[in-house]
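Enquirer: Please construct the entire structure, taking both the sequences and the accompanying hints into account.
With full-length UniProt numbering applied, the sequence shown corresponds to residues 1 to 318, in that order.
Think of the hints as simulated: they come from the structure by calculation, not from any bench. We put the CB at the ideal spot given by N, CA and C, even for glycine. Heads up, none of these hints are tricks.
DEER-style ranges, computed between Cβ atoms:
id, residue 1, residue 2, range
1, E195, E146, 46 to 52 Å
2, E79, D278, 21 to 27 Å
3, G171, G28, 19 to 25 Å
4, K296, Q235, 19 to 25 Å
5, K3, E146, 28 to 34 Å
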Amino acid sequence: MEKDAKIFVAGHRGMVGSAIVRALEKDGYTSIVTRSFSDLDLRDGNAVASFFEIEKPEYVFLAAAKVGGILANNTYPAEFIYENLQIQNNVIHQSYVHGVKKLLFLGSSCIYPKMAEQPIKEEYLLSGKLEPTNQPYAIAKIAGIEMCQSYNRQYGTNFIAVMPTNLYGPGDNYHPEHSHVFASFVRKFSEAIAEGKEGLEVWGSGTPYREFLHVDDLAQACLFLMNTFTPTKEQNDNGDIFMNIGVGEDVTIKELVELFKEISGFTGEIVWDSTKPDGTPRKLLDVSRMATLGWKARIPLREGIRQVLEEYRTTVQK
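Expert: Rendered as structure tokens:
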């Protein structure tokens, strides 16, 4: 990407989108286009078409999405599939119509089968049943990958996608009901310490494994791919237009809780509520494709937890 190219970051106020904007600014890109929801509803096809006609972005990072944890996915499945499909369809199609040079679509590791062999390779997509608790969201993301590939094959576009593992970092959602597991721990441990609690309840059994990637590492991976990876005809035909983005190692939820307890300084008791759902037993991504291209994550989990706890205390909790 040219440093003065017009770059549209869809979803710039979200955790991923804001990280991409930070990375672009840090790397010296000078023409970053953003729109808040009040200025541009990406679910509105006519509004999106008008935006592309006026702004004519050369590159697009599609980071806008309706996201949430297990509870949110279970409670609002219709919204998760409908709104994500609307956003994707509008932005990807208008990127084709208006000749965008390159688009990067942000997917999710939940696209893979619930019982996929570990670590999960990109070719395992559509090889088994999905995790039921987030299936509507996952199907929307799978449709986004297929749409990028189909437009590449039929129209010669240069649309690629990334499938990040579980994310954390600045701009995360700390809502008590709609947050993911990492963010929920940041809030719970910080509040427990502030309120002097003697116990802290955690959902599930603690046995599932999860991989966690700092969002700033993901943003750097996205810029790296936008500047280095263009699918060949064979890759388009085979569906190899997307990359797993992760760290290549995971921890159990119980180990994660112990890390949070140690780093936060919480001295109370951890109470496990095994009546609550665990979700997918394990979800470790195979990141060998990215490693072959020359990229790897840089922020260790322990350091990431320390950074996020400090940020939460100083900017959210105050």
